[in-house]
Each structure stands twice: as C-alpha cells, then as structure tokens.
Amino acid sequence: MSSSPRFAVTGIGAVATGTISADGIWHMLNAPPAQLSQASILHPQALPFPFFSAPEASFGPDGRRHNALDTLSLARLATREALSSSGFVPGKDGMLGIAVGTTSGSALHFFDSYAALRESRTPASEEMANFFGCNPALELAKEFHAEGPTTTLSNACTSGADAIGAGLDFLRTGMCDAVLCGGADALGLVPHTGFARLMIYSDEPCRPFDARRKGLNLGEGSGMLLLESEASARRRGARIRGFIAGYGSSCDAHHFTAPHPEARGLALAVDRALAEAGVEASGIAFVNAHATATRENDRTEGKFLASRFPGKPVWASKAVTGHTLGAAGSLEAIFCLLALEQGTVPASWNFEEPDPETGLVPTLVRTPVSGGLALSTSLGFGGGNAALVLAGADHD
Amino acid sequence: MTELFDNALSVLGTGAVHSLGQLAGLLDLRLRDAAWATSQEIPGTDTSQLAQIFPKLSLRRVPRAARTCLLATGLALQDASICPEVLKIPGRTGIFVGTAFSSATTSMDFMDSILDGGPKLSSPTAFSHSVSNVEAGMLSLLLGIQGPCMTVTQFALSFAGALASAQAQLNSGRIDLALCGAMEERDARFADVCSATNYSAQAPVADGAVFFVLARHKPGTPCLASGFGTPPAFVAPLRGEGALGVLFGQGSLAQAIDAATMLAEANTPAGTIAKDSHSGLEGHVIYVNAEGAPQD
Chain A
0 MSSSPRFAVT
10 GIGAVATGTI
20 SADGIWHMLN
30 APPAQLSQAS
40 ILHPQALPFP
50 FFSAPEASFG
60 PDGRRHNALD
70 TLSLARLATR
80 EALSSSGFVP
90 GKDGMLGIAV
100 GTTSGSALHF
110 FDSYAALRES
120 RTPASEEMAN
130 FFGCNPALEL
140 AKEFHAEGPT
150 TTLSNACTSG
160 ADAIGAGLDF
170 LRTGMCDAVL
180 CGGADALGLV
190 PHTGFARLMI
200 YSDEPCRPFD
210 ARRKGLNLGE
220 GSGMLLLESE
230 ASARRRGARI
240 RGFIAGYGSS
250 CDAHHFTAPH
260 PEARGLALAV
270 DRALAEAGVE
280 ASGIAFVNAH
290 ATATRENDRT
300 EGKFLASRFP
310 GKPVWASKAV
320 TGHTLGAAGS
330 LEAIFCLLAL
340 EQGTVPASWN
350 FEEPDPETGL
360 VPTLVRTPVS
370 GGLALSTSLG
380 FGGGNAALVL
390 AGADHD
Chain B
0 MTELFDNALS
10 VLGTGAVHSL
20 GQLAGLLDLR
30 LRDAAWATSQ
40 EIPGTDTSQL
50 AQIFPKLSLR
60 RVPRAARTCL
70 LATGLALQDA
80 SICPEVLKIP
90 GRTGIFVGTA
100 FSSATTSMDF
110 MDSILDGGPK
120 LSSPTAFSHS
130 VSNVEAGMLS
140 LLLGIQGPCM
150 TVTQFALSFA
160 GALASAQAQL
170 NSGRIDLALC
180 GAMEERDARF
190 ADVCSATNYS
200 AQAPVADGAV
210 FFVLARHKPG
220 TPCLASGFGT
230 PPAFVAPLRG
240 EGALGVLFGQ
250 GSLAQAIDAA
260 TMLAEANTPA
270 GTIAKDSHSG
280 LEGHVIYVNA
290 EGAPQD
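Top to bottom, those sequences are chains A and B. Count the first sequence with numbering that gives the first Met the number 0 and you get residues 0 to 395, in order. Count the second sequence with numbering that gives the first Met the number 0 and you get residues 0 to 295, in order.
Some hints here could point you the wrong way.
In silico lysine to aspartate or glutamate, EDC-like type, Cα no more than 20 Å apart, as pairs [claimed, not checked]:
{"#": "1", "chain 1": "A", "residue 1": "213", "chain 2": "A", "residue 2": "202"}
{"#": "2", "chain 1": "B", "residue 1": "119", "chain 2": "A", "residue 2": "146"}
{"#": "3", "chain 1": "A", "residue 1": "302", "chain 2": "A", "residue 2": "261"}
{"#": "4", "chain 1": "B", "residue 1": "119", "chain 2": "A", "residue 2": "340"}
{"#": "5", "chain 1": "B", "residue 1": "87", "chain 2": "A", "residue 2": "340"}
{"#": "6", "chain 1": "B", "residue 1": "87", "chain 2": "B", "residue 2": "175"}
{"#": "7", "chain 1": "A", "residue 1": "213", "chain 2": "A", "residue 2": "295"}
{"#": "8", "chain 1": "A", "residue 1": "311", "chain 2": "A", "residue 2": "340"}
{"#": "9", "chain 1": "B", "residue 1": "87", "chain 2": "A", "residue 2": "202"}
{"#": "10", "chain 1": "B", "residue 1": "217", "chain 2": "B", "residue 2": "175"}
{"#": "11", "chain 1": "B", "residue 1": "119", "chain 2": "A", "residue 2": "202"}
No wet-lab data here; the hints were simulated from the structure.
Go ahead and model the full structure; you've got the sequences and the hints to work with.
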C-alpha cells in the first residue's frame, strides 16, 4: 500500500458523559470520573448496572426519547460540530461522504411496540417511525448534504474505528473529497440487558487492567471527525488537528464473543496499521487501549500490549467514559489527537493493582509524551479488531 | 467501461439462496407476476446443501441467518472456482455484508426472553446472536477468514453501502478478495409489529442471501460498482412489479438480486441497473451499476 498522500483531521466533534462538545473532552479526561447514572433512566425494568449517561441536553429539546432517535441525536450533535469546526462546505469544497459506526443505532429498536402488541395494546407510532427514520449515516447524509459514499457500519465495538478506516479508504480511492466519519451510540433496555446477561458488566465503577476488575460499564456518546487530504486542507487554509496515519482491520476467526487468547487478530490489525503509517512499534509515543475492564479483553489485550510495546505508556480511558460501543473507537481516536496536541497522556483512573497475568500497568499519572504518533486499539464481538495510528499536526 | 465504473470490481462468482430456490430460480421468478408471489406459501431457506459444500463444518448453534449467508457464499466460491483454503491467508480476504435487519429471529427471541421472564432471565445466547454483525462474524469464524469484516446496516441501501466499502478496501490495496453480499430473514413477529404500525411493506417477505466474490477490476470481466451523486439515466429495477418485487422489493436484498440476475443473464448489457432510495422518506440515493463481460 502507498503511504502517501496524508489524510488530515480538520474537524472534531464529540459528545460523552459530562460534555456535549469536543471542547469539554480534555477536561473530562483529566478529571476524576463522573458519577455513574442509574440504569432506571433507560427503563424501569433495567437491571441495576450503572452506566455513563450522555448529558440530557445532547438528546435535543425534548430530551431522551428511548428509541432510535437518541443515537441519531448524539451523532447529529457531534457531526454538526465536526463539520462546523472544519469549515468544509459540501459541494463548494468538494463531495462529502459519511461513515458512521453504531450498534444500538442499527439494532431492532422497537421493544415497547413489540411489548404492546404482545399485550394486545396498540403500539405508539413514534418508536417505529424513528426506527425506520433515524438511520445514522442516511439521515446525516441528507442533513449535511453528503452526496458521496454513505455507510452505517455495525461492527460491534470496532464500529467507530472502522468508520474512520472506511473514510480513509473512500478518500484514498477518490470516491469523495472529504468524509465525516466516526461513531455514535445511545443506550436502551435491550442492549443494556444483553451486556448484563453476558455477565461482563460491573455493578461498580470499572477498573481497566486492574487485577480485581469485575467487568465493564456501558457509556453513551459520539465522536466524529472531518477527514480530507492534506492537500485539500492546506488549499482551504483549514486548521489541521492531526492525521490518520494508518489503519488496520482483522477478524480473529476464533470465537464469536471471546478474543483469541494470543491476540492473533489484534496483532494483525496493529501490524497493518503500523505498516501503513511506516512506523515500527518503537516509534509509537503511547497507546490508547480498548481496555473494557472485562476479564477476557484486558487479559488478552494487556498481555499483547505489554510484550509488543514494552515501556510505552498505555492509557485506559474507559473508566472515564464507559464503553460507548459504536462510538468508542472514534472517541478514543479523538482522545489520542488531543493528547498529542497537549503532549501529555491522562492518567488511567481506577487502577490499583497490576494483574499478574498481564504485568501491564497503565498510566497512573498524567504522563508527558513526545514523538507525535499514537496507537488506538479496538476489539469487538464477532472477533473484530481495529487499530488506528494517529499523528499530531506537527508530525512529519 | 463507462465513466460510471470508476472503482468497479470484477465479479468472479455469484451465489444466491432464498425461500424459493437459488440463483437459477431468481431468473425464473422474474417471469412470474405479483399475484403468483402473493399466493405462494413462503418457506425459510433450504440450507441442507451446506453439508455437501462444507462437509467438515459443525453448524451446531449457528443461527439460521448465518447459515443462509454461508450457503450463498459457498455457492459463490464454487462459481468462482475458489478453494475455501485460499480464504485463510491472513488478512487478504474481507467480508462485507449489507443487511437491514440482520438476524431478525434472534433479535425477536431476545425481546421475547425479556418479556417472558424479565431482564434477569433473558437469554444471553439470543443477545449475542442478535448483534448486527453476527453473519459477518460467523462467516469469518466458519471459513477461517482473518481479514476485515464489515456489516453495513442502512435499510434498502445496505448492499450498495457494503459494495462501496468493498470497492474502497480492494482498490486501496487493503485486501485482494472480497465476499460481498446482502441478506435478510423473515420473522412473523417482526412482520406483525410492522403491520400493526403501518410499516408492513418494510418487513422481509422472503428469506435470502446473495453473495459475490469480488476482486480488483480486470478488463474483460463482468463487474459491479456503486455510485453516488446525481444518478445518470437508468434502467428501471429488474425486479419491477412482478414476483421479485413482492418478495424482495423493499429490502436490502433487492439491489443485490437485481445485480445477480442481470449478471447471470447471457449478453448482459452495460448500464445502471438499480436505483433505490431510503424507505418511506424523501430519499438518499445510491445506485449500483452492473456490466457483463464484453461479448466477442
């Protein structure tokens, strides 16, 4: 694969617990984790596993709707910010594409309607109308005049990273001139129950990589980037926030819900991303790990990162955001870009005791970094793996 | 190639399986009218041929939708004369599945389990099999494919989106081979919810999966491409008003079936073969072009 030209991030938009814009992200990452929200917010019947709620204001003036509109609302907010901050004008500046990763946003989101039918009640109309009318990529394409390639990617927890990879390839092959890419997910009773029943959900704040970790906390959010060629960005005089230097994607082909014990697929994805970026592991300044705080993920990923990136800072950020599913990979790509801008990596909260199975200790304090390149990893149901190499704006 | 075929991919093989047969059956169905389709008892897909194509595979606990995809993929690989062992070269084959509703049966099963016994007693297996990428993940697992696995879920435009993703990854050199297709699964409970809320046209009437084995374009081969922006003058969808329209008219399979039936015909002409807009709403358009191999 050709390693040039370069593809620049000129717009960033983000929604996560405690913030409805990218401006609030750095403060969120460096402050102690926010208090978890009770699951009863999602549904009176929800199991008592707390989650990181998106701010109520991020769902629009009518608040959380408890249907497919919620994910679209988060995506719309982040997309609007990313496009606005980039200054890119669809049509005038070129053809715009859209790639949005999600899980809840594409699931069969009509639990209440089905429940009503089973009880011989008449379903309310809003839920199904929003199920069919709130597909993230399709609706955002219409709203933001994106006439290029359009994909709503549903690859479980790698969706957000894969959407960025899709955007990269759309640009590389000339299918469009700029891409809004990233991910979004709001929660509801069905996905929340599903994760709880898989016995991987912690009833207390999660502890990524910690020996006593009990599982993940789910979260809500959206992270969107405006990606274009460096030449296009410089021609427009846009502010470059960084670059997507490499992307790798793979599947374990081992087990549907558990990662390959030797991280076979993750290694392949990371190798591909590094090769595309033209860099060895030693050239990476730090890693933002997937680090969901489940026993399986953190064991597999922790062992791999400890051996592949010895001595490199490994940052586990999900203690602050929760696992935002389809948004995770794109939010964490944004986190990496911000950390590269600041020259520091935040602490990994809630870590106290190293796991002897991995030997990995994530960042315990805010850590200065230099070198200009970061790696972000994602792993998902179905055995998917995604790796992104992010470069700072000043990196050659 | 016309200018519409920027980024086009060569079609090495096609496989289709649906409630009323396989690829040859689709060509027959094109001759049937809507009234005939409406009068038919529509069964689930017959995936018994899997035992012949993949005799060593254990399909225990593989959801029905994934079996349908696996059979369509197996038929496409046979059509392409590609040995499944080739797929195991790490990272060089990608999977791209377009689906509006993925495994509708297991999604409804999970909702039933919540309603039957409450969230505390709901089925974790049903949940894990209800995620949208279950088909792509199962194809990866069963065929040993370690490359990228993408699932595109955007209703009627799902296949076109999957094809666009395959184009982007193949033409950027990320992979060398793509298994790209669409699938849908009927479910009576899902159909009932759609019917009760005035969305009956959205529920799949028939099961099915269509898969293509795709590679970077080589001259003289049949090819597929997705297109964006202002569509050119186009030929009306092949499924039209007849039986195919009744069975597949609204779902993600429709464009894939149009592409498959057109490529399957002898002396296939060039040109745009389908245009679809987002269901029920003023629309976003992605068009799919198919072109047959030039005739000597």
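Hint numbers contradicted by this structure: 2, 4, 5 and 9
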